[in-house]
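*Asks:* As a plain string of letters, each chain reads:
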Amino acid sequence: ENEKFVLISHAPDSDSWWNVIKNAIQVAGDQMDVEVEYRNPPTGDLADMARIVEQASATNPDGIIVTIADFNVLQGPVKDAVDKGIPVITINSGTQEQSEKLGALMHVGQPEYDAGFGAGKRAAAAGAKSFVCVNHYITNPASVERCRGFADALGVELGSQMIDSGQDPSEVKNKVSAYLNSHQDVDAVLTLGPNSAHPTLAALRDSGLAGEIMFGTFDLSSEIADAIKAGEIDFAIDQQPYLQGYLPVVILTNYARYGVLPSGHINSGPGFITKDNIAQVEKYAGEYR
Amino acid sequence: MSTPLIEMDNIEKHFGPVIALGGVSFNVMEGECHCLLGDNGAGKSTFIKTMSGVHKPTKGVMRVSGQDVAFSSPRDAMEAGIATVYQDLAMIPLMSVTRNFWMGREPRKSFGPFKWIDFKHANKVTMDEMSSMGINLREPEQAVGTLSGGERQTVAIARAVHFGAKVLILDEPTSALGVRQTSNVLATIDRVRKSGIGVIFITHNVRHAMAVGDRFTVLNRGQTHGTAKRGEIKPEELQDMMAGGQELAQLEGSLGGTV
Amino acid sequence: MSTPLIEMDNIEKHFGPVIALGGVSFNVMEGECHCLLGDNGAGKSTFIKTMSGVHKPTKGVMRVSGQDVAFSSPRDAMEAGIATVYQDLAMIPLMSVTRNFWMGREPRKSFGPFKWIDFKHANKVTMDEMSSMGINLREPEQAVGTLSGGERQTVAIARAVHFGAKVLILDEPTSALGVRQTSNVLATIDRVRKSGIGVIFITHNVRHAMAVGDRFTVLNRGQTHGTAKRGEIKPEELQDMMAGGQELAQLEGSLGGTV
Amino acid sequence: MSDERIKQVSAIRRAMIRPELGAICGTILVFVFFFMIAGDSGMFSAEGVQNWGVVSAQFAIIAVGACLLMIAGEFDLSVGSMIGFAGVVIAILSVQWGLPIWLSIIAAFVVCMAIGALNGFLVIKTGLPSFIVTLAFLYILRGLTIWLSILTTRQTIIGGVKEAAEGDPLAWLFGGVIFKGLFQWLGDIGVIETFTRGSRMGQPVVDGIPMLVVWALGLVIFGHWLLTKTRFGNWIFASGGDAQAARYVGVPVNRVKILMFMFTAFCATVFATCQVMEFGSAAADRGLLKEFEAIICVVIGGALLTGGYGSVIGAALGALIFGVVQQGLFFAGAESSLFRVFLGGILIFAVIMNTYIRRMITGER
Amino acid sequence: MSDERIKQVSAIRRAMIRPELGAICGTILVFVFFFMIAGDSGMFSAEGVQNWGVVSAQFAIIAVGACLLMIAGEFDLSVGSMIGFAGVVIAILSVQWGLPIWLSIIAAFVVCMAIGALNGFLVIKTGLPSFIVTLAFLYILRGLTIWLSILTTRQTIIGGVKEAAEGDPLAWLFGGVIFKGLFQWLGDIGVIETFTRGSRMGQPVVDGIPMLVVWALGLVIFGHWLLTKTRFGNWIFASGGDAQAARYVGVPVNRVKILMFMFTAFCATVFATCQVMEFGSAAADRGLLKEFEAIICVVIGGALLTGGYGSVIGAALGALIFGVVQQGLFFAGAESSLFRVFLGGILIFAVIMNTYIRRMITGER
Ligand SMILES: Nc1ncnc2c1ncn2[C@@H]1O[C@H](COP(=O)(O)OP(=O)(O)OP(=O)(O)O)[C@@H](O)[C@H]1O
Ligand SMILES: Nc1ncnc2c1ncn2[C@@H]1O[C@H](COP(=O)(O)OP(=O)(O)OP(=O)(O)O)[C@@H](O)[C@H]1O
Ligand SMILES: [Mg+2]
Ligand SMILES: [Mg+2]
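Chains as they are written, first to last, in my numbering: chain A, 2 to 290; chain B, 187 to 445; chain C, 187 to 445; chain D, 5 to 369; chain E, 5 to 369.
Think of the hints as simulated: they come from the structure by calculation, not from any bench. It should be emphasised that the depicted structure is a prediction, and the values quoted were computed from it without experimental measurement. Glycine is no exception: its CB is placed at the ideal position from the N, C-alpha and C atoms. Among these hints, one or two may not hold up.
Said to hold, decoys possible - Now the stretches of chain A that chain E is said to cover, found in silico as 3 or more residues with beta-carbon under 8 Å: (1) 21 to 33; (2) 57 to 71; (3) 110 to 123.
Stated by the list, open to error - Derived contacts from chain D toward chain A, CB cut-off under 8 Å, selection only: (4) Arg22; (5) Ala50; (6) Thr156; (7) Ile161; (8) Ile193; (9) Glu197; (10) Phe199; (11) Gln248; (12) Arg251; (13) Val345.
Given these sequences and hints, build the entire structure.
*Replies:* Shown next, in the form of structure tokens:
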């Protein structure tokens, strides 16, 4: 009873997407009657994240849930935790192979490159040839992976099609408008999350291109959901973060209490949300979806 | 005897453990130049800073024209007609002569709620006042940093006189100046005094004091060593008083006379 | 006549458009105190900075003990035995007396490749030298910022003498000092001179110069106005020379004698 | 007592050497450069101009505050955190607490200016360098912002402000556009391009002047007037030039400095409010590194880091240069990560030039 | 000439008032605090100690460089960018170009120290404040880092260094651990916990002292010795205290300052190399905001922002406080966003205390 788990993400304090996961562990914690802490490196520095993993394992929790933001960085601390006998479940970014190499029980998540690749496939099917990938977090390796997957699926070189937009919404918006202005041939836009999707949407609306060009984004928010309904965004790649937070807690609790464990990994995403399936998603966007 | 322009009665000033002034009394009359002499660290600067509202006295009474006053800021002292030219000049080198001249009392024009500095007037007055002191500026917008030490000193004095000071305090105005600049400043003091303003002149240099002073007060380690009138005291005596009368004597021989 | 310790031959120094020195010749002999006088901006500080390696002369020859030299840094000048006490003191207030005293020439002990300052020795020497100058320090670790102006001046002089200077240059050491401190510094100069060191003493104050000087050179606007020996010239003449002989005359009357 | 050894300087040269000269030259240079390499990329079409205009205006808003504060001898590293904080305060008050927008905005201004005053108060009372005090507030405010927004909304991004702001009088003042009619007419007569496709076909691509730009212009004019024409401006220079000297002649240095900290906070809040009104959401990470960008604009504009010298016009030109370069590189299609390299280069170059100019003015060596 | 008007201070008081006094008190306070609120959370188990020990050691490494530089009167905002840059250089050279690790490490040291020297050279030649020059390099280096890593690998993270580093002599120096035997023995006799299952069963949870900690200790000792015992240390104080005065007595101020910039770069590179060797990858975002953290440690440690005063021991204690507080809050389970609020508070508190102490020492007012 009253087991203690720690979830460690790689996201900086300001990344709003993680709210869903925070909410999920809250719900799971209440339901299972366990204590779940959320921790992250404040600036998003992965080296700091490794320290947090070490620190978490020093407190001897009943389980650790961790993202594989960078396999290299995390393998030491995570392996140490596993060797100490702490059950570990990996979530979010990273691959299932990496998860196995780390000795984790299972992986719940979505590989970034593949998700980008899938998005690219869709765009290619819609006839896109030239795109821009709005990267609001260029210093984060996973973000570049997404753009790379997208480019590879379209069969084009990534090059300067990925723009370093910065985090500030005005900056993002203006940079996107500038780019679209000077590259009239762009027919697809990929944004990597609400942080870049919202301003990009504003930029497209301002230039009257919303709904005209192919627009895909990662992750969901209420604003993105509205835009999908309005036909301004074609699809959002949903990795269902709720599951990434909820399932590991439930599984770890049951594992701790009764030793039961599902076999195999769980793919929480990528799921594509389009106009067709938006209705059911919309209600909880940004909070549980 | 008329009431003094300013009168300090038994002023004490402590800085934490340091007793900078231990009961100093002092006054200055209209049209008089009262010299304040003393060694390094005697408390001269502290004393006049008290007089001009920079420090608040720990104990003692200040009277301006017979009225008790307590200054809470240099502004108050200025309002009361006490103008001070500090040892460290109080000029801002990067700013123009006009701006420095008027600092703190800028002349203003207004239109409705808007008020702005009347630069035309300010420049004219500055040029006039400076040339009446014998300094011809290239232009009033010249930065003070480009003036020589003597010129700066003169700007500071001209400013004080212009704003209708009743008492002008000068803290070691001559210590860094050459002979010619020094005699200029002394002449200016003389002129100012003759116009009826009371001057308090601080210096280490007995001869400078003797040249323009009407009365002389010597401070030593925060105490007054007495006040003397012009003609009542010889330079050598004054010097002995400043030095405390000891030590110095044995050097006198080899160095000859007053230093 | 023996060779001068240091000889400056027709030195010029330009700062961009400003000609600070326009051909100055000067020398100092063993055991002599040579005073350099002049108005503000005459170029005194510039001249001695040239002598001590801070500035490079634009033109002219420098000789130390008869040998042509060209200093590329103050260090070179120090190696050649020229020690300077600058107008702005060159002391670092937050550092201890010992560290200031030895600055640039710290005594070292070594062990293999490691070298470190020999603080025991350094402290002892500092205390000794200071007390031989008549200053008793509380402790050698005391920060220089806690010393009075006169005490700092003495540290600077003691330092120069200790490092076996052949020539000691003092730039207005007395301008900010009180009477007692001044006579101390003058006495120190006297002592130093008697030990065979050549002293170059810069001042505005004719009387200070007359007290210890053997020869007097007056600079004016970057030019020498001639050199005079002790006894050959009266203070009044020297003063006239410094001021350029004009203007001043008319003030003399009201101010009386030398300033 | 003038000195015959110093050559006289010519009148033209004298008229030219002013704090903002470097920034003026820089602006010309930058425009010529981008005309040449990106003249045909749409950078100088109505839409393009609006694009970099808005970016520059944003920089200008915070640069004016930073400029006056820097001239008064202090600087403020907490501007960026303040921007995030102000936005979140507005959003929480209006969306979460249901206050009307105008009240939320006023509350944000009050709170932020109070924090600015606290900054100033600490700097003055403790005598510490403002670098340290405001660095502390950089962390404190950012931490509070994240903590507050998570505490009240369990999110770090708070949306829905746009809906709440419908028809609000103050909201328009920060998020609206003016001269709509004029621009529609300009579009109709073909001076400005109109949309040729999409939902807004027929409307001009630029539909008015955003209030953001109006604010920027207003603040620049106000700042310039305040600094050069008024008594208070004289005191700002004096406080930064030599606080002790200023105090001696009766300038209320403490009041000046605290007011300037408050003005900086005011500018940061204007920035934040405009942004929140434009995007309809506030986020805890807004304004990251903006403090540096403001300082860079000011320094490019010729102000002295140590205070007592500078110009608001210069700072505004600095903001213009910053904005044009940042956006221009996109129009020119340069690798976007190189922007930072450029920025650093321009900064060093500008400052060296400004130093040279300042030495000419003040005769400083 | 001693002055009877000043009371004598007691010997104990004199022995106590030293630059690092504030930091010493702070350290004690912080430890007591965390003992109380997180004593049973594993924070003081071997593993927990290693955790905050390593974090503190990291801070200490950059703090030593920043401390000496600050005492020499300058400071360096490009430290954080330098860390990212150095890591990427090592990774590109070794993984992409296939150079041996030791050569890559040496190359990174050479390049970074050259950049440090360039920083110093610019500061000295132009006479600009180091704030501006190094701010420019903050942007330039970060831009270059991103651009380089994307150019060569199309990613902002470069992995695979660990594989390349197998058996490399220099790599061990930065990424290894020492005293393995000792710790194994401690584990065997039960002083340290051991793994209870898995492939490493029986091994101690802490398998030695990481080289990172060794580096930190080494640098602190070296820095302290250099500063307080050697001639060069005296020159560092002098250069920061009054550069002009130091120059006059023959201290080669320019050389001292440039060397200190290089030393700071050296420390940043040590930090980067240890990180790369430990984690096996380099990323473009490493080191973000580390410059501030270094400055904060130094200032908490009692150094004066304007130079000429400070202590390496103090800076190291500052780093310890920083590390313990940061990790301790996690151990105590506090909301992590509040960390920044704490940090800001500690900073202000520490600096006020240090100012008070300094005034007592120097008689400054
Ligand atoms: N703010 C202060 N705090 C503490 N002590 C002070 C302060 N100001 C002055 N003192 C001390 O008070 C004493 C008198 O100083 P003051 O500056 O008044 O001397 P002074 O006569 O003007 O000397 P000088 O001739 O060198 O200008 C000195 O011992 C000085 O150290
Ligand atoms: N680094 C410099 N650059 C330009 N001009 C300089 C420089 N140093 C000095 N000068 C100028 O050279 C002239 C001589 O200055 P210097 O300091 O040598 O005079 P001084 O005789 O020492 O005066 P004082 O008695 O005031 O100390 C002055 O006009 C001064 O402005
Ligand atoms: Mg004084
Ligand atoms: Mg001089």
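*Asks:* Mind taking a look at whether chain E covers the region 57 to 71 of chain A? Criterion is 3 or more residues with CB to CB distance under 8 Å.
*Replies:* Check passed, 6 qualifying residues.
*Asks:* Are D:Gln248 and chain A close enough, Cβ to Cβ, to be under 8 Å, as the hint says?
*Replies:* violated, 40 Å
*Asks:* Could you check if D:Arg22 really has its C-beta closer than 8 Å to a C-beta on chain A?
*Replies:* It is violated, given that the least Cβ distance between D:Arg22 and chain A is near 31 Å, above 8 Å.
*Asks:* Does D:Val345 meet its interface restraint, that is, does its C-beta lie within less than 8 Å of any C-beta in chain A?
*Replies:* Since chain A brings no Cβ nearer than about 12 Å to D:Val345, farther than 8 Å, the hint is violated.
*Asks:* Given D:Phe199 was flagged as interface, is its beta-carbon under 8 Å from a beta-carbon of chain A?
*Replies:* holds, 4 Å
*Asks:* Would the stated hint for D:Glu197 survive a check requiring a Cβ distance to chain A of less than 8 Å?
*Replies:* The hint is violated - D:Glu197 has no Cβ within 8 Å of chain A, the shortest such distance being about 11 Å.
*Asks:* Can you confirm whether chain E covers the region 110 to 123 of chain A, using C-beta to C-beta distances below 8 Å and requiring at least three such residues?
*Replies:* violated (count 0)
*Asks:* Per the CB criterion, is D:Ile193 less than 8 Å away from chain A?
*Replies:* violated, 20 Å
*Asks:* The hint names D:Ile161 as touching chain A; please verify it with the least Cβ-Cβ distance against 8 Å.
*Replies:* Constraint on D:Ile161 satisfied, holds at 4 Å.
*Asks:* Holds or violated: the hint that D:Arg251 contacts chain A, with Cβ atoms closer than 8 Å.
*Replies:* This interface hint is violated because 39 Å lies over the 8 Å limit.
*Asks:* Please verify that hint: D:Ala50, Cβ, nearest Cβ of chain A, below 8 Å or not.
*Replies:* Constraint on D:Ala50 not satisfied, violated at 11 Å.
*Asks:* Holds or violated: the region 21 to 33 of chain A covered by chain E, criterion of 3 or more residues with Cβ-Cβ distance under 8 Å?
*Replies:* violated (count 0)
Checked against the numbered hints listed earlier, the structure breaks hints 1, 3, 4, 5, 6, 8, 9, 11, 12 and 13; every other hint is satisfied.
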